[in-house]
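Here our numbering is used: the first residue of the sequence shown is -8, the next is one more, and so on.
You may find that some hints are simply not true.
To be verified - Label-pair distances were calculated between CB atoms; the ranges are:
hint	residue 1	residue 2	range
1	9	76	30 to 40 Å
2	0	74	31 to 41 Å
3	76	4	26 to 36 Å
4	19	55	11 to 21 Å
5	19	56	15 to 25 Å
6	69	10	17 to 27 Å
7	80	53	21 to 31 Å
8	70	10	23 to 33 Å
9	56	15	28 to 38 Å
10	17	53	26 to 36 Å
11	76	5	20 to 30 Å
12	1	42	35 to 45 Å
13	74	53	15 to 25 Å
Think of the hints as simulated: they come from the structure by calculation, not from any bench.
Note that beta-carbon positions come from the ideal geometry of N, C-alpha and C, so glycine has one too.
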Amino acid sequence: MTSTHIDVSAIDLDELGAWMDAERLPGGAITGVAPVLGGTQNVMVRLERGGRPYILRRPPVHARSKSNEVLRREARVLAALRGTAVPAP
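With the hints as extra help, turn the sequences into a complete structure.
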């Protein structure tokens, strides 16, 4: 799914803000919501909240059968890279 258009309106910003509050992330309004282009499967959106940048990754609206599994695997890899010299978000 290489696309030049991602519908960011499909993201429930109120629900996302509530989740961020529950995770005790810096508060404030979610601003600067913009698609990150170039992916092939998952939707990636850049946003800011409390003066900090974030990247939201989620399965596409019409998820493939293994979309959730792929996201979990990527999260495990990124967690394993935390604290290493390898650049990772």
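Structure-based check of each hint:
1. Between residue 9 and residue 76 the beta carbon distance is about 35 Å. The supplied range of 30 to 40 Å therefore holds.
2. Taking the beta carbon of each, residue 0 and residue 74 are about 36 Å apart, inside 31 to 41 Å as hinted.
3. The hinted range of 26 to 36 Å is satisfied by residue 76 and residue 4, whose Cβ atoms lie roughly 35 Å apart.
4. A hinted range of 11 to 21 Å is violated for the C-beta pair residue 19 and residue 55, which are about 34 Å apart.
5. A hinted range of 15 to 25 Å is violated for the C-beta pair residue 19 and residue 56, which are about 37 Å apart.
6. Distance hint check: the CB atoms of residue 69 and residue 10 are about 18 Å apart, consistent with the given range 17 to 27 Å.
7. At about 25 Å, the beta-carbon gap between residue 80 and residue 53 stays in the expected band of 21 to 31 Å.
8. Against the hinted window of 23 to 33 Å, the Cβ-Cβ separation of residue 70 and residue 10 comes to about 18 Å, which falls outside the hint.
9. For the hinted restraint 28 to 38 Å between residue 56 and residue 15, the CB-CB distance of approximately 34 Å keeps it satisfied.
10. As the Cβ distance of residue 17 to residue 53 is approximately 33 Å, the hint placing it in 26 to 36 Å holds.
11. At about 38 Å, the beta-carbon gap between residue 76 and residue 5 misses the expected band of 20 to 30 Å.
12. The supplied range of 35 to 45 Å is broken by residue 1 and residue 42, whose beta-carbon atoms lie about 25 Å from each other.
13. Our hint of 15 to 25 Å for residue 74 and residue 53 is violated, since their Cβ atoms are close to 36 Å apart.
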